[in-house]
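Engineer: Keeping their order, the protein sequence lines are chains A and B. Those letters in the first sequence? Residues 1 to 97, per the working numbering, in order. Those letters in the second sequence? Residues 1 to 305, per the working numbering, in order.
Keep in mind the hints are simulated off the structure, nothing from the lab. Heads up, the beta-carbon is just placed ideally off N, CA and C, and yes, glycines get one too. Among these hints, one or two may not hold up.
[As the list claims (entries may be wrong)] No more than 30 Å apart at the CA atoms, straight line, and that leaves these computed lysine-lysine pairs for BS3-like:
no., chain 1, residue 1, chain 2, residue 2
1, B, K153, A, K83
2, B, K208, A, K67
3, A, K75, B, K217
4, A, K67, B, K152
5, B, K65, B, K153
6, B, K65, B, K104
7, B, K91, B, K208
8, B, K65, B, K208
9, B, K106, B, K208
10, B, K217, B, K65
11, B, K152, A, K83
12, A, K90, B, K65
13, B, K215, A, K75
14, A, K85, B, K153
15, A, K75, B, K65
16, B, K208, A, K75
17, B, K91, A, K83
18, B, K208, B, K36
19, B, K106, B, K91
20, A, K85, B, K91
21, B, K104, A, K75
22, B, K106, B, K36
23, B, K36, B, K91
24, B, K65, A, K67
25, B, K153, B, K208
26, B, K91, B, K153
27, B, K104, B, K217
28, B, K65, B, K215
29, B, K153, B, K104
30, B, K215, B, K104
31, B, K65, B, K36
[As the list claims (entries may be wrong)] The following residues of chain B were derived to be distant from chain A, with all beta-carbon distances above 12 Å:
no., residue
32, R6
33, G165
34, T202
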Amino acid sequence: MTDSVWEVFRQEDEGDAMTHAGSVRAPDAELALHYAREFYGRRQESTRLWVVPREAINELDDPDWLKPPFDRSYKRPGGYLIKHKLEAAKARAEESP
Amino acid sequence: MDDSERADSFYARVAAGGKVEADDWMPDPYRAAILKFVEMHANSELMGVLPEREWILRAPTLRRKLALTSKVQDEVGHAQLLYRVAEDLGKPREQMLQDLLDGKTKFHNVFHYPTESWADVGIIAWLVDAAAIVSQQALRDSSYAPYARTMKKICWEESVHIMHGRDVVLTLMNGTDRQRALVQNALDRWWGPLMQMHGPPTDPARDKDLLWRIKSKGNEQLRQEFLSIYVPRIRELGLRIPDPELRYDDGAGRWHYSEPDWDELRSVVTGHGPRSQERLEFRRVNRALTQWVRDAIIGRAAAAA
Chain A
1 MTDSVWEVFR QEDEGDAMTH AGSVRAPDAE LALHYAREFY GRRQESTRLW
51 VVPREAINEL DDPDWLKPPF DRSYKRPGGY LIKHKLEAAK ARAEESP
Chain B
1 MDDSERADSF YARVAAGGKV EADDWMPDPY RAAILKFVEM HANSELMGVL
51 PEREWILRAP TLRRKLALTS KVQDEVGHAQ LLYRVAEDLG KPREQMLQDL
101 LDGKTKFHNV FHYPTESWAD VGIIAWLVDA AAIVSQQALR DSSYAPYART
151 MKKICWEESV HIMHGRDVVL TLMNGTDRQR ALVQNALDRW WGPLMQMHGP
201 PTDPARDKDL LWRIKSKGNE QLRQEFLSIY VPRIRELGLR IPDPELRYDD
251 GAGRWHYSEP DWDELRSVVT GHGPRSQERL EFRRVNRALT QWVRDAIIGR
301 AAAAA
């Protein structure tokens, strides 16, 4: 039996997202879980472990898709500068109650 | 351990703050309750874009059009995330859509009303989203962990929508008398539905969603939080809130307000709101028109299998 690479994900506390921890080499999922437990679960630092065959992972890191170069500030809270508008509206509210 | 002992220990665990994952064992009543809750939320995100969608083509500037389009896209995305969470609880997505269109499941009251001016877009994005985010922030502590994690992403995006809405309202309030009057008119129409939105107060000792920590705050607590943050922000702009009874009661430490119209709430969410049937019909037509897309994708997947 030949080894293959398994990516390991761990959950630190109940309810946390699973986060990538590292990888192990193992011939099957059962042994991969045992190895993952040895590396990422010996100090009670994990409540849950997942092992996933590396070849099961599909990757996208193309910046044209993920970081397109246009102004999309309207999608971020910082894209709205309301300080002066708010001051003006409050001043107007006081003038004409 | 038999099933009832197992259920007792499950309920004790979630009541104490324990978290449940999709593939964990859970008692059927908990599964049914979380499914109902998440499905209703997903339906609301999906239907909630229809009132705003009506204004994309009428947005006053290109930037407003981009922001509104982006918001609509976000909300449809939230529906997709939430239907995914709900699917894992055992109900197929197609069935959820069918039940929504058949009027068997509900969506939030505020999405059953018409929009009459651009000011409605501001009031919806600012105050409807604000009322929603108060409850959504509390759902980040839900005992059902996949839902709680999804709410973290959703709240992050909703916070942008609130800024967009407040910016629209501030711009109008700095505009002409007519623009200011449009905002007041929109607030007058939306205030009733906003006060109904969190639902009537429930008895915390009997509300299973609270006992099982599907949600962590009761309806009245959420309404009080909404009022505490937003009443001052509305009033500082010179807007009048159309409720003569509305005041903060220092002695009681809570907001006093006119009793919301709970009959209207019940009637609206059961499909008798002013736009309920029109919006559901839009979805039915849209679903039929896009059937070929789903067929093409499923056909490709079937051919590859």
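Engineer: Each hint needs a verdict: does it hold in this structure or not?
Structural biologist: Structure-based check of each hint:
Between K153/B and K83/A the alpha-carbon distance is near 26 Å, which keeps this suggested pair within the 30 Å criterion. For the hint pairing K208/B with K67/A, the CA-to-CA distance comes to about 43 Å; that exceeds 30 Å, so the pair is violated. Between K75/A and K217/B the CA atoms are separated by roughly 29 Å; this keeps the pair inside 30 Å, and the hint holds. Taking the CA atoms of K67/A and K152/B, the gap is about 21 Å. The hint holds against a cut of 30 Å.
For the proposed pair K65/B and K153/B, the alpha carbon gap of about 23 Å is at most 30 Å, so the pair holds. Note on K65/B and K104/B: the hinted pairing is violated, with a Cα-Cα distance of about 34 Å set against a maximum of 30 Å. This hinted pair checks out: K91/B and K208/B have alpha carbons roughly 21 Å apart, not beyond 30 Å. Among the hinted pairs, K65/B with K208/B is inconsistent with the structure: their alpha-carbon atoms are about 42 Å apart, more than 30 Å.
Restraint check for K106/B and K208/B: satisfied, since their Cα atoms lie roughly 19 Å apart, inside the 30 Å limit. This hinted pair does not check out: K217/B and K65/B have alpha carbons roughly 35 Å apart, beyond 30 Å. Distance check on the hinted pair: K152/B and K83/A sit about 27 Å apart at the alpha-carbon level, within 30 Å; holds. Restraint check for K90/A and K65/B: the C-alpha separation of about 27 Å stays at or below 30 Å, so the hint holds.
Of the pairs offered as hints, the one joining K215/B and K75/A holds, with about 28 Å between alpha carbons and a cut-off of 30 Å not exceeded. Restraint check: the Cα-Cα separation between K85/A and K153/B comes to about 29 Å, which is no more than 30 Å; the hinted pair holds. The hinted pair formed by K75/A and K65/B meets the criterion: a straight-line CA distance of about 12 Å does not exceed 30 Å. Between K208/B and K75/A the alpha-carbon distance is near 37 Å, which puts this suggested pair outside the 30 Å criterion.
For a cut-off of 30 Å, the pair hint linking K91/B to K83/A is broken: about 46 Å separates their Cα positions. At roughly 12 Å between alpha-carbon atoms, K208/B and K36/B fall within 30 Å of each other, so this suggested pair holds. Of the pairs offered as hints, the one joining K106/B and K91/B holds, with about 16 Å between alpha carbons and a cut-off of 30 Å not exceeded. Using a Cα cut-off of 30 Å, the hinted pair K85/A and K91/B is violated, with the two alpha carbons roughly 47 Å apart.
A threshold of 30 Å between alpha carbons decides the hint, and for K104/B with K75/A the separation of about 34 Å lies outside it, so the pair is violated. Note on K106/B and K36/B: the hinted pairing holds, with a Cα-Cα distance of about 10 Å set against a maximum of 30 Å. Between the alpha carbons of K36/B and K91/B the distance comes to roughly 10 Å, so the proposed pair stays at or under 30 Å and holds. Pair hint K65/B plus K67/A holds up; C-alpha atoms about 21 Å apart against a cutoff of 30 Å.
For the hint linking K153/B to K208/B, the alpha-carbon distance of about 26 Å falls within 30 Å, and the restraint holds. For the suggested pair K91/B and K153/B, the alpha carbons sit about 23 Å apart, so the restraint of at most 30 Å is met. Our distance criterion of 30 Å between C-alpha atoms is met by K104/B and K217/B, whose separation comes to about 26 Å. This hinted pair does not check out: K65/B and K215/B have alpha carbons roughly 35 Å apart, beyond 30 Å.
Taken as a hint, the K153/B and K104/B pair is honoured in the structure, with Cα atoms around 28 Å apart against an allowance of 30 Å. For a cut-off of 30 Å, the pair hint linking K215/B to K104/B stands: about 23 Å separates their Cα positions. Only pairs whose Cα atoms come within 30 Å are accepted, and K65/B paired with K36/B is rejected, the gap being roughly 34 Å. With a closest Cβ-Cβ approach of about 18 Å to chain A, R6/B is found to remain outside the 12 Å limit, as its non-interface label requires.
Separation of G165/B from chain A is inadequate, the least Cβ-Cβ distance of about 10 Å not exceeding the 12 Å criterion. T202/B, annotated as away from the interface, keeps every beta carbon of chain A farther than 12 Å; the closest lies near 24 Å.
Comparing the model with each numbered hint stated earlier shows that hints 2, 6, 8, 10, 16, 17, 20, 21, 28, 31, 33 do not hold.
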